[in-house]
Amino acid sequence: MTSAVTVTGVTRRFGPVVALDDVSLEVPAGQLVGVLGPNGAGKSTLLSLVSGRRRPDAGTVLLEGRDPRDPVARQGLGLTPQETGLPPTLRVGEVVDFVGAHFADPVPTASLLADFDLADLARRQTGSLSGGQKRRLAVALALVGRPRVLLLDEPTTGLDVDARHALWDAVRGYHRSGGTVLLTSHYLEEVQALAERVVVIDRGVVVGDDSLAGILARVDVQRVTMTSDDDVDELDGVVSAERDGDRRTVLTRDADAYVRTLVRSGLRFHGLEVRGATLEEAFAHVVAAPATTPEGTRR
Amino acid sequence: MTATTPGALRLVAVHTKFQLLETIRIPAAVIGNTVFPALALFFFVVPQADVAGNRLWATTAVASLAFFSVCSASMFTHGLGVAEDRESPFDPFVRSLPAGPVPRFVGRILVGLVMALFGMVPLLLVAAFFTEAGVPAPQLLAGVGMLLVGAVPFILLGIGLGYALTAKAAIAIVQVILFPLAFAGGLFMPPQLFPAWMDTVSLATPTRAGRDLLVDALGVEAAHGSSWLVLLGWTVAFGVLAIWAYRRDEGRRFR
Numbered sequence: 001m002t003s004a005v006t007v008t009g010v011t012r013r014f015g016p017v018v019a020l021d022d023v024s025l026e027v028p029a030g031q032l033v034g035v036l037g038p039n040g041a042g043k044s045t046l047l048s049l050v051s052g053r054r055r056p057d058a059g060t061v062l063l064e065g066r067d068p069r070d071p072v073a074r075q076g077l078g079l080t081p082q083e084t085g086l087p088p089t090l091r092v093g094e095v096v097d098f099v100g101a102h103f104a105d106p107v108p109t110a111s112l113l114a115d116f117d118l119a120d121l122a123r124r125q126t127g128s129l130s131g132g133q134k135r136r137l138a139v140a141l142a143l144v145g146r147p148r149v150l151l152l153d154e155p156t157t158g159l160d161v162d163a164r165h166a167l168w169d170a171v172r173g174y175h176r177s178g179g180t181v182l183l184t185s186h187y188l189e190e191v192q193a194l195a196e197r198v199v200v201i202d203r204g205v206v207v208g209d210d211s212l213a214g215i216l217a218r219v220d221v222q223r224v225t226m227t228s229d230d231d232v233d234e235l236d237g238v239v240s241a242e243r244d245g246d247r248r249t250v251l252t253r254d255a256d257a258y259v260r261t262l263v264r265s266g267l268r269f270h271g272l273e274v275r276g277a278t279l280e281e282a283f284a285h286v287v288a289a290p291a292t293t294p295e296g297t298r299r
Numbered sequence: 001m002t003a004t005t006p007g008a009l010r011l012v013a014v015h016t017k018f019q020l021l022e023t024i025r026i027p028a029a030v031i032g033n034t035v036f037p038a039l040a041l042f043f044f045v046v047p048q049a050d051v052a053g054n055r056l057w058a059t060t061a062v063a064s065l066a067f068f069s070v071c072s073a074s075m076f077t078h079g080l081g082v083a084e085d086r087e088s089p090f091d092p093f094v095r096s097l098p099a100g101p102v103p104r105f106v107g108r109i110l111v112g113l114v115m116a117l118f119g120m121v122p123l124l125l126v127a128a129f130f131t132e133a134g135v136p137a138p139q140l141l142a143g144v145g146m147l148l149v150g151a152v153p154f155i156l157l158g159i160g161l162g163y164a165l166t167a168k169a170a171i172a173i174v175q176v177i178l179f180p181l182a183f184a185g186g187l188f189m190p191p192q193l194f195p196a197w198m199d200t201v202s203l204a205t206p207t208r209a210g211r212d213l214l215v216d217a218l219g220v221e222a223a224h225g226s227s228w229l230v231l232l233g234w235t236v237a238f239g240v241l242a243i244w245a246y247r248r249d250e251g252r253r254f255r
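These protein sequence lines are chains A and B, in that order. Position 207 of the first sequence, counted from 1, bears residue number 207 in our numbering, the numbering being contiguous throughout. Position 249 of the second sequence, counted from 1, bears residue number 249 in our numbering, the numbering being contiguous throughout.
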């Protein structure tokens, strides 16, 4: 059985910028893979190669065993347009008809719109839809051709919580029916909610490829900031540290334990702030330096 | 699973319909394109009594203006339209659908021709009511057919420029190319008034070739022996440009 997506030794440059550097990735049919990484990491470039919009400079990309640049290979592919990208003067039904007409066995427009709660809007021009409606339409367009492989690029960026959860349900439903999903996000929460396997990309390189739990253990760090003249960032439990004048920033896997150590150490500090590290911070300090092994995987 | 994938003709029809809908939903573009040639005729030719009153001269003037407006509409709608499309985020999505570039190209060309034909209706009405221009019906049909054939290289040039340039640059470059080409091709001034050296240059332009073939089709004056060859040569050249620019485009945008 051929795998859904096979990426082998792929490099893609844009002028002097290396967007992907010798990336390899194999997605078996039926898997739901989250591609996680900060903005500009190369996630969208990866999807553009898998969907045949671009050619790799080196290496090969196969979609169900074929070159995705061949239109025939894309018969089994579904992907979402960006929310802002719907042609504003066309009606919802017209856009669905247009996209569906490319496929052998499209979902009838009326039933697809009903599934996505868009039936009442079929005659509306897409420019007049709300953000959530546009996003639902975008996902409906990805599914109109009954794809075997679904690519979702930042599917819920800018959506409110309800709309996000509704879309997650749609993606889970598709996956349960046997579909393969490759999903990019820079939200840890989104990947956490959906993916069974997580591939982490940073600066064009795959820096992690593991089960969801394995990846979570690596990026789950907290950020502690304080003002101090002492070496508070050399205490136990510090994963990485940064100084800006007398402002000290520390990343740690266990903020509670670190703060206890800090207080006991008798070092002077004030203006203590504790919060979860953003994914970008976690990547910059933890994933990029995988030598630091997690001390005990929680959960 | 036994359903067959849509054939090439079906995809061409789908893309043509889609682009036609997109175009006609923006009325300003349709109106500008439709009214401009008629207005030009009304203001530049009708007041010149000796031209408007002479059947052959008036017919030639209407034909030249018609061809100019077809060239202009082709280059602007396509040069600018493609460049704007490329800047829209829907474009990469359409490119990822299971269809090659051909249905989109053919759809664009057909839409360009339909729009150019819309523009002919008011022009021909003004010509009929306010000038002595006139040809028998078979020649008129032949002329319209020739107009469509003559438009193809300009549509391809527009598409090529649209894929090679940004929207802002496309407007400027289309103007820089269109007006000298129209002038050199005798669309603003009859080529009979050109000095010999300029006539030689003129004969090599696609505008002149199209104009001569159009006037020939209308039965006013015979085309030059080389006209078909010149028109065909430019069609191939601009077709190659359009395909080259389309292929090159996919590597250029960063995201």
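The set of hints was computed from the structure by calculation and includes no laboratory data. We treat Cβ as the ideally placed atom computed from N, Cα and C, and that holds for glycine. Certain hints may be false.
What the hints assert, rightly or not - If you anchor each label on the Cβ, the simulated ranges turn out as follows: (1) Ile26(B) to Ser24(A): 26 to 34 angstroms; (2) Thr8(A) to Met198(B): 56 to 64 angstroms; (3) Phe44(B) to Arg124(A): 18 to 26 angstroms; (4) Gly15(A) to Leu56(B): 53 to 61 angstroms.
Quick rundown of the hints versus the structure:
no., hint, verdict
1, Ile26(B) to Ser24(A): 26 to 34 angstroms, "46 angstroms, violated"
2, Thr8(A) to Met198(B): 56 to 64 angstroms, "59 angstroms, holds"
3, Phe44(B) to Arg124(A): 18 to 26 angstroms, "44 angstroms, violated"
4, Gly15(A) to Leu56(B): 53 to 61 angstroms, "57 angstroms, holds"
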